Amino acid sequence: TIVLDNGKSTPMHVTLNEQHEIEIAPNTHKVISVGPGKHKFEITCDGESVFSGTKEVAASSWFGKQYSYLFNPDFTNRYATFDVEYGTGLTHLIEDTVEKRRAESGEELNVAAEFKKLRRDVEALPMSPWFELPGGIHYYFSEPPDEVMTRNMVETRTVLVRAARPDHAAIRAAASNENPTEEDFDNLCDVVARLWYYPTRPTSMEIEEGDDETY
Numbered sequence: 451t452i453v454l455d456n457g458k459s460t461p462m463h464v465t466l467n468e469q470h471e472i473e474i475a476p477n478t479h480k481v482i483s484v485g486p487g488k489h490k491f492e493i494t495c496d497g498e499s500v501f502s503g504t505k506e507v508a509a510s511s512w513f514g515k516q517y518s519y520l521f522n523p524d525f526t527n528r529y530a531t532f533d534v535e536y537g538t539g540l541t542h543l544i545e546d547t548v549e550k551r552r553a554e555s556g557e558e559l560n561v562a563a564e565f566k567k568l569r570r571d572v573e574a575l576p577m578s579p580w581f582e583l584p585g586g587i588h589y590y591f592s593e594p595p596d597e598v599m600t601r602n603m604v605e606t607r608t609v610l611v612r613a614a615r616p617d618h619a620a621i622r623a624a625a626s627n628e629n630p631t632e633e634d635f636d637n638l639c640d641v642v643a644r645l646w647y648y649p650t651r652p653t654s655m656e657i658e659e660g661d662d663e664t665y
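Residue numbers for the sequence shown follow our numbering, beginning at 451 and rising by one.
By construction, these hints were calculated from the structure, which means they are not laboratory data. Keep in mind that the hints are not guaranteed to be accurate.
Calculated pairs, EDC-like style, for lysine to aspartate or glutamate (alpha carbon to alpha carbon, straight line, at most 16 Å) [to be verified]:
1) K566 with E633
2) K458 with D496
3) K490 with E506
4) K567 with D636
5) K505 with D524
6) K567 with E632
7) K505 with E468
8) K488 with E582
9) K567 with D634
10) K566 with D640
11) K567 with E535
12) K488 with E506
13) K566 with D634
Treat the numbers as computed from the prediction; the structure is a model and nothing was measured.
Model the full assembly from the supplied sequences, consistent with the hints where possible.
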């Protein structure tokens with residue numbers, strides 16, 4: 451699977467393997483399903499070449515792992531993932547968690563512990579126009595729902611989002627910050643909130659069979 455993301459303000463025209471034509475509207479994405487091996491891309495915007503070359507998709511592993519990739523040919527965007535935990539009768543959404551911690555902790559706030567809890571749920575993805583996506587992504591580029599039907603007491607949904615470059619840098623810095631201050635914690639809360647609410651993300655779709663285009 452390849453998530454083709456157009457970060458430009460103009461439509462993107464993609465020719466795949468010299469036969470399949472794909473149009474991607476500005477600031478939107480398409481999910482395409484291709485077999486393993488090398489695939490040739492000719493990509494243009496406004497008649498100008500953005501990418502011309504091949505990308506290789508790995509074969510699924512012997513234990514069934516399926517490889518997925520993010521392809522942002524113009525290298526405009528940065529990306530991150532965050533996790534949302536859902537439970538019986540209570541949705542552990544980020545805004546609720548953050549506000550509850552701030553309201554109830556007071557002077558007893560264990561900054562380091564709370565900071566590390568929050569950073570476990572957010573990950574800055576590689577700064578590259580092409581990279582392998584982590585497994586288990588449920589939603590692309592939009593707010594997750596307030597509630598989901600769960601089979602277990604607690605379930606987690608992972609969301610792929612675009613991240614502003616300063617926020618992407620902040621997440622990377624947080625990953626190695628072992629002595630966070632309360633200001634660091636507040637700043638990371640703000641970053642995660644922006645990932646959640648960033649208004650220009652396209653409408654998401656939960657990844658289900660049949661949602662992608664096969665070539």
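A quick look at each hint next to the structure:
Only pairs whose Cα atoms come within 16 Å are accepted, and K566 paired with E633 is accepted, the gap being roughly 14 Å. Restraint check: the Cα-Cα separation between K458 and D496 comes to about 10 Å, which is no more than 16 Å; the hinted pair holds. Restraint check for K490 and E506: the C-alpha separation of about 9 Å stays at or below 16 Å, so the hint holds. For the suggested pair K567 and D636, the alpha carbons sit about 13 Å apart, so the restraint of at most 16 Å is met.
Our distance criterion of 16 Å between C-alpha atoms is met by K505 and D524, whose separation comes to about 15 Å. Only pairs whose Cα atoms come within 16 Å are accepted, and K567 paired with E632 is accepted, the gap being roughly 14 Å. A distance of roughly 14 Å separates the Cα atoms of K505 and E468; the hinted pair therefore holds under the 16 Å criterion. Restraint check for K488 and E582: the C-alpha separation of about 15 Å stays at or below 16 Å, so the hint holds.
A threshold of 16 Å between alpha carbons decides the hint, and for K567 with D634 the separation of about 13 Å falls inside it, so the pair holds. A distance of roughly 15 Å separates the Cα atoms of K566 and D640; the hinted pair therefore holds under the 16 Å criterion. Only pairs whose Cα atoms come within 16 Å are accepted, and K567 paired with E535 is accepted, the gap being roughly 13 Å. For the given pair, K488 sits about 4 Å from E506 by alpha-carbon distance, which is consistent with the 16 Å threshold.
In summary, the hint linking K566 to D634 is supported, as the alpha carbons are separated by about 11 Å, within the 16 Å threshold.
When held up to the earlier numbered hints, the structure conflicts with none and fits them all.
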